[in-house]
Amino acid sequence: MQTFDLEAEGLRALNASLHAQAADTNQTVWEIVNPKGSHAIAVGLDAPIEVNVKGSTGYYCAGMNKQATVHVHGSAGPGVAENMMSGMVVIDGDASQYAGATGHGGTLVIKGNASSRCGISMKGIDIIVHGNIGHMSAFMAQSGNLVVCGDAGDALGDSLYEARLFVRGSVKSLGADCIEKEMRPEHLEILADLLARGGCDAKPEEFRRYGSARKLYTFNIDNAY
Amino acid sequence: MQDDPNGAPRTVPIQSATFSNPVNAEIRRAAATGIYDIRGGGAKRKVPHFDDLLFLGASISRYPLEGYREKCETSVTLGTRFAKTPIQLDIPVTIAGMSFGALSGPAKEALGRGATLAGTSTTTGDGGMTEEERGHSDKLVYQYLPSRYGMNPDDLRRCDAIEIVVGQGAKPGGGGMLLGQKISDRVAEMRNLPKGIDQRSACRHPDWTGPDDLEIKILELREITGWEKPIYIKIGGARPYFDTTLAIKAGADVVVLDGMQGGTAATQDVFIEHVGQPILACIREAVRALQDLDMHREVQLIVSGGIRHGADVAKAMALGADAVAIGTAALIALGDNDPRWEAEYNKLGTTAGAYDDWHEGRDPAGITTQDPDLMARLDPVEGGRRLNNYLKVMTLEAQTIARACGKNHLHNLEPEDLCALTMEAAAMAKIPLAGTDWYPGKPGSGY
Numbered sequence: 001m002q003t004f005d006l007e008a009e010g011l012r013a014l015n016a017s018l019h020a021q022a023a024d025t026n027q028t029v030w031e032i033v034n035p036k037g038s039h040a041i042a043v044g045l046d047a048p049i050e051v052n053v054k055g056s057t058g059y060y061c062a063g064m065n066k067q068a069t070v071h072v073h074g075s076a077g078p079g080v081a082e083n084m085m086s087g088m089v090v091i092d093g094d095a096s097q098y099a100g101a102t103g104h105g106g107t108l109v110i111k112g113n114a115s116s117r118c119g120i121s122m123k124g125i126d127i128i129v130h131g132n133i134g135h136m137s138a139f140m141a142q143s144g145n146l147v148v149c150g151d152a153g154d155a156l157g158d159s160l161y162e163a164r165l166f167v168r169g170s171v172k173s174l175g176a177d178c179i180e181k182e183m184r185p186e187h188l189e190i191l192a193d194l195l196a197r198g199g200c201d202a203k204p205e206e207f208r209r210y211g212s213a214r215k216l217y218t219f220n221i222d223n224a225y
Numbered sequence: 001m002q003d004d005p006n007g008a009p010r011t012v013p014i015q016s017a018t019f020s021n022p023v024n025a026e027i028r029r030a031a032a033t034g035i036y037d038i039r040g041g042g043a044k045r046k047v048p049h050f051d052d053l054l055f056l057g058a059s060i061s062r063y064p065l066e067g068y069r070e071k072c073e074t075s076v077t078l079g080t081r082f083a084k085t086p087i088q089l090d091i092p093v094t095i096a097g098m099s100f101g102a103l104s105g106p107a108k109e110a111l112g113r114g115a116t117l118a119g120t121s122t123t124t125g126d127g128g129m130t131e132e133e134r135g136h137s138d139k140l141v142y143q144y145l146p147s148r149y150g151m152n153p154d155d156l157r158r159c160d161a162i163e164i165v166v167g168q169g170a171k172p173g174g175g176g177m178l179l180g181q182k183i184s185d186r187v188a189e190m191r192n193l194p195k196g197i198d199q200r201s202a203c204r205h206p207d208w209t210g211p212d213d214l215e216i217k218i219l220e221l222r223e224i225t226g227w228e229k230p231i232y233i234k235i236g237g238a239r240p241y242f243d244t245t246l247a248i249k250a251g252a253d254v255v256v257l258d259g260m261q262g263g264t265a266a267t268q269d270v271f272i273e274h275v276g277q278p279i280l281a282c283i284r285e286a287v288r289a290l291q292d293l294d295m296h297r298e299v300q301l302i303v304s305g306g307i308r309h310g311a312d313v314a315k316a317m318a319l320g321a322d323a324v325a326i327g328t329a330a331l332i333a334l335g336d337n338d339p340r341w342e343a344e345y346n347k348l349g350t351t352a353g354a355y356d357d358w359h360e361g362r363d364p365a366g367i368t369t370q371d372p373d374l375m376a377r378l379d380p381v382e383g384g385r386r387l388n389n390y391l392k393v394m395t396l397e398a399q400t401i402a403r404a405c406g407k408n409h410l411h412n413l414e415p416e417d418l419c420a421l422t423m424e425a426a427a428m429a430k431i432p433l434a435g436t437d438w439y440p441g442k443p444g445s446g447y
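Chains as they are written, first to last, in UniProt numbering: chain U, 1 to 225; chain F, 1 to 447.
If we strip away everything but chain F, and leave its shape as in the complex, we get (with noise of 0.2 Å):
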C-alpha cells in the first residue's frame, strides 16, 4: 500500500467481517441467478461440538483398565422395550440412513458390506430398499419416511428394524429433494415417478398428524409385524427435550437423533445452515427426557450428526447416548472428496474437500451418483473393506478413551468422565468447564 502523495499513511484495506467474500460471492449469484443454493452434507458453519469437551482421563480416585489386554465391551442391544426381536451389536456406531437414489447401488452395498464386517447395521433412505443392501447387510434398518416411496409390507417383514423417520439434522421440517440428473429408470421405477422429474419428497408424513396418531401408526406398523421388530424414531434437533418425549409416549423402541452437522443428499443451503441446533446442545435434552419418563437405557438413543472418529463416538455415549450413527464420514471413507479425484473437482469449480454438490450427480468418486461410468468407480467390496478398517478403528479409540476413565464397558463413560474448555459447551452439555465445577444454568448455582 502505497501512503498518499501527500506522504501521509493510508488505511490499509479491511475486509468485513460481515460480508465476508464468501458472503458476497453468494450475494452476487444469487443476484446473478435468482435461486436459491442447493447442495449436499450438513452445517459447514463452526458450531460448539465434541471438540469443546475433553475426557479427565483416570486419576487417584478412579483407576483405568489396561490399553490392551483388559475387557472393555462395546456390543450394544437396540429395542429391548416392545420388540420381540432386538438388534444386537457388536460395535454401537451405525450407519445412517441413506437412500439410493441420493447413493448409487455399489455404494448401498458397500455400505452394507463394511456394517456387516463391523457387527453392526446399515439403514435404507428415501427410496425403499434395494437388493444390494438388504443382500450385504446382516442387519438393515428400514426408514418409513413421510414420501413412503418403495414402501411395502414385504420389506417391512424382512427388515431387522424400523425407523420412522420425522426429521433430519440438516433440515428439521424440509422434506427431500432429488433432481432429475439422478432419476435413472431404476430410480424412477423405484420411486413410481416420471422418469428425469425434480423430485420432491414430502416434509409430513401423509397419514398421521401428532403423537397421538403416531402411536396408533407406531400400533399398525408392530401389527402387520407381528411385534418381532424394534422401531424407531428419528428426529432433527429442534426441539430434543420435547420431541424425544413424545417420541417415547408414542412408543418408541429407539430414539434416534440427529443435529445440524447431519448430512442431507439436497436441500437448500440457507436450510442446513440456519435450521436445527448442534448435536452437542440435543443429547443432554433428550436424555433428559428419557430420565424424566425412567426410560434412560430402555428405550435407547442413537445420536448422529458430526460424528468422526472414536472420540466422539465416547464423548456422545458419555452424555448419555447408546449408539451412534455416522453418514457423511462413512462416505468419506469409501471414498468421497478423496484428493485422488482433484482434477475432477476442479473442473466442477471445487476442490477434494468441498465438493458439496452431490444433488447434480456427477460425483468424481462414484458415490453419490446415477452415472454408470462413474458409479463404476466404486468397488464395493473394497469399500466395504475401508469401512470397515474404519469402524473398527473407530471403536479401537473409543475403548482406548474409555478404558482410560476406568470403564469395562462403553456405556459405562458418563457426564463426570468430562470436561468443557468452551462456556458454550459447558451450558449446552451441561458439563463443567474446565478447571471449574460449574456450568451456566447449573441448579443451585445462581447463573
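For reference, chain U alone in the conformation it holds in the complex (with noise of 0.2 Å):
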C-alpha cells in the first residue's frame, strides 16, 4: 500500500502520482493521510487503483474519476464524483451539495445524508444515498438511478428527463414534470441490485419510483411559468 501524506507532499503532487499510475500497475492501493478538507483530491483518476482518504474532504473529491475506486473515510464537500465516468466512490460520512453532478456512470455510493442538489444533471451515474437528500436533487436528470433510503426535499427530480429516482421515505415535493411510477418487476430487480452495490439493507419493496411525465419534453408555452 502507498501512504501519501497530502499535507507534507502537496495535491499537485497527490494527483500527479494517481494518474502516472498505468492501467497494470502494482501499486493498487493509495492511503491519503491529512487531507484536511482540500479541494480537488484525487481527480481526473484513470486507473483501477483504490484510493482511501483518510479524513473529510472539500470540494470536488474524486471529480471526473474513471476506472477508480475512491474511498472517503469522512465526509465529503461540494461536488463529489461530479461528472464520473465509471468507478466507485463512498463516502462514509455526508456529502454537501451537488453530490454526483453531471456523472456519465460508475457508482456512488452516500453512506449519510446529501445535500442539495444531489444527482443534478446526472447522465447515467448510480447513486444511492443511505440517508436524506436536500431540495432540488435531480434537477434535469438525464439518465442513471438516484436511491434515497430516507427523505427526500423539495422539488425533487424537477425537469427531469430518464432517470430513475427511488424514494424509500418521504419526498417534500415533486419537481415541474416530476411524477410518481408504477414500480413493476424490472425496477424492483433494478433496485435489489443498487441496494446490493451500495450496501444498503433497505428491501425494494420499501422504495416509491419517481420519473417524467414527459410534458417538458416539447416546447410548448403551456408548461412556461
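Among these hints, one or two may not hold up.
[Stated by the list, open to error] Estimated spans, in silico, between C-beta atoms of each pair:
1. F:Leu293 <-> U:Glu205: 42 to 48 Å
2. F:Cys203 <-> U:Gln2: 41 to 47 Å
3. U:Ser173 <-> F:Lys195: 26 to 32 Å
4. U:Gln2 <-> F:Leu396: 55 to 61 Å
5. U:Lys203 <-> F:Ala32: 51 to 57 Å
6. F:Ala343 <-> U:Ser173: 50 to 56 Å
7. U:Ser173 <-> F:Gln181: 54 to 60 Å
8. U:Lys54 <-> F:Leu293: 37 to 43 Å
9. F:Glu189 <-> U:Glu186: 20 to 26 Å
[As the list claims (entries may be wrong)] Some chain F residues judged to face chain U by a derived CB distance under 8 Å, without partners named:
10. Met151
11. Pro153
12. Gly180
13. Glu189
14. Asn192
15. Pro194
16. Ala202
17. Pro206
These are calculated hints, taken from the structure and not from any lab test. Beta carbons are placed, not taken as given, at the ideal position from N, Cα and C, and that holds for glycine.
Each of the two chains sits in its own frame; use the hints to bring them together as a complex.
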C-alpha cells in the first residue's frame, strides 16, 4: 500500500502520482492521510486503483473519476464525484451540495446524508444515499439511478429526463414534470442490484419510484411559468 | 391621396415610428400563436458599434510603415498566466464556440479546416467534441458549459484550451435550446437525451455558484489536466468590469467577452434584442478591470460580437483586446445566407441575409442543420478554403490599418489611434469625439 501525506507533499504531487498509475500498475492501493478538507483530491483518475482518503474532503473529490475506487473515510464537500465516468466512490459520512453532479457512469455511495442538488443533471451515474437528500435533487437528471433510503427534500426531479428516482421515505415535494410511477418487477430488480452495490439493507419493496411525466419534452408555451 | 369632397387637402398617411410595420406584424403573430419568437443569430437592431470609430492614421508626429514591405506582426499567445502550454496563434482572429447539433458535422469540420489553414483556433460548443472538429483543428478550445453534454476527461486532455462558459452575448443569463428537429440519433447520443425532444441547456453551472466556487472549479480542471491547458472564462456583455475582475480573481488565463451582437443557435428574440450590451460598450470596461489588477496582457482578452472585417479586428485591438472571435461571420464565409439559395429562402418565408430560423434545422446552405440531404450541400474542404481566405483578408486589412498607424504589431494599436463619430460611441469606448479631445465622462472634463 502507498501512503501519501497530502499536507506534507501537496495536491499537485498527489494527483500527478495517481495519474501516473497505468492500468497494470502494481501500486493498486493508496492511502491519503491529512486531507484536511482539501479541494480536488484524487480528480481525473483513470486506472483501476483503490484510493482511501483518511478524513474529510473539500470540493470535487474524485471529480471525473474513471475506473478507480475512491473511499472517503469522512465527509465530502460540494461536487463529490462530479462528472464521474466509471468506477466507484464511497463516502462514509455526509456529502455536501451537487454530489454526483452530471455523472456519466460509475457508482456513488453516500452512507450519510446528501445536501441539495444531489444528482443534478446526472447522465448515467448510479447514486445510492443511505440517508436523506436535500432540495432540487436530480434537477434535469438525464439518465442513471438515484436511490434514497431516507427522505427527499423539495422539488425532487424538477425538469427530469429519463433518470430513475427511488425514494424509501417521504418526498417533501416533486419538481416540475416529476411524477410517481408504477414500480414494476424490472424496477425492483434494478433496485435490488443498486441496494446490494450500495451496501444497503433496505428492501426494494419499501421504495417508491419517480420519473418524468415527459410533458416538458416538447416545447410548449403552456408549460412555461 | 385625393383631396376631400370639398377640395381641402388631406393629411398624408403617416406610419408610426413606435408601432412600425415589423412591430405590428410581431404583435399580430403573437396574438395568433400565443408563443414568443425563437430564432438564431445576434441582435439585429442598430447599436453603437465599431463603425462609429475611425482610425486617425499617421501624421507628422506618427510615421507609417510601408504597406507591403515592412513587417507587421499578427501572432498572439493565449494562456501565459498559469498554463504550462499556452496557445500560439498566427493571427488574432479565432473561431467562437458553436455546437455540433446547432451546426452540422461537415460545418464543424469546415471551421476546423479553415482555422487550421489560417493558423488559428476553433472552439467546440454545447454538445461535446466531435471527431470532425478535433481531427481537423490544429488548435481546439473545448467549452465547459452548464449542461456538460458530452463532457469527459479524455476530451479535456486532448483539447488545447478549456473555455468555461459563464455567459454569451446574445443571451447573458440564458441557457440554450435545441429543438427536436435537430436532435438526430447522433446528437441525442452525444447529449444522452431522448431523440427528437426539445432540449434545454441549463443557464447556470450545476456544481459551482459564484467566483469563490469558480476558483475551486478551475483548480479541479487544472489538476485533471496537469496544469497544461489555458483556461478561458467566457462572459456575456452584462457587467464587463465586475465580471472581468471576478474572472481574473478566479484564476482565468484568458477572458472571452461577447457582446449582444454575438450569435446564438436559438433563443427568444426578446432576449437577443433586449438583454446585454453592445460589444463597443464592454471592451474598455473589461480592459479597465485588467489594468486595475495589473493583469492587462498577462490575462489575455478575446472579444466577440459583430466582428466582420479587418477594421473591426483592428479597432477591437486598439481598444485593448488581444484577439477577437468570430461566429456569425465565419458561418457567412462558409455560405450561410448566401443569395444562391434565394429561392429556397423564399419558400421558408424569408430572404437571403435575413434567414435566422436556424433552430428549425432547414438551413438551405446546409450549415445549421442535421438533415443529411441539406448537410451534404456543404463541402467541408471548400468551406475550409473559403474560411481561410476570409481570415487572411481580415488579417491583411487589420495589418493595413496598423501600418498606417505606424504599428509593427497589431498589438501595438492603441486607443489614441482612434476617434469617435458619435457621442454615444465616444462615451462607450472612451475615445475622443472626432475633432475634439473630449469624450463624455472624461476625467477632469467636468462632464
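Right, here's what the structure says about each hint:
no., hint, in the structure
1, F:Leu293 <-> U:Glu205: 42 to 48 Å, "violated, 60 Å"
2, F:Cys203 <-> U:Gln2: 41 to 47 Å, "holds, 43 Å"
3, U:Ser173 <-> F:Lys195: 26 to 32 Å, "holds, 30 Å"
4, U:Gln2 <-> F:Leu396: 55 to 61 Å, "holds, 57 Å"
5, U:Lys203 <-> F:Ala32: 51 to 57 Å, "holds, 55 Å"
6, F:Ala343 <-> U:Ser173: 50 to 56 Å, "holds, 54 Å"
7, U:Ser173 <-> F:Gln181: 54 to 60 Å, "violated, 34 Å"
8, U:Lys54 <-> F:Leu293: 37 to 43 Å, "holds, 39 Å"
9, F:Glu189 <-> U:Glu186: 20 to 26 Å, "holds, 23 Å"
10, Met151, "holds, 6 Å"
11, Pro153, "holds, 4 Å"
12, Gly180, "holds, 7 Å"
13, Glu189, "violated, 12 Å"
14, Asn192, "holds, 5 Å"
15, Pro194, "holds, 6 Å"
16, Ala202, "holds, 6 Å"
17, Pro206, "holds, 4 Å"
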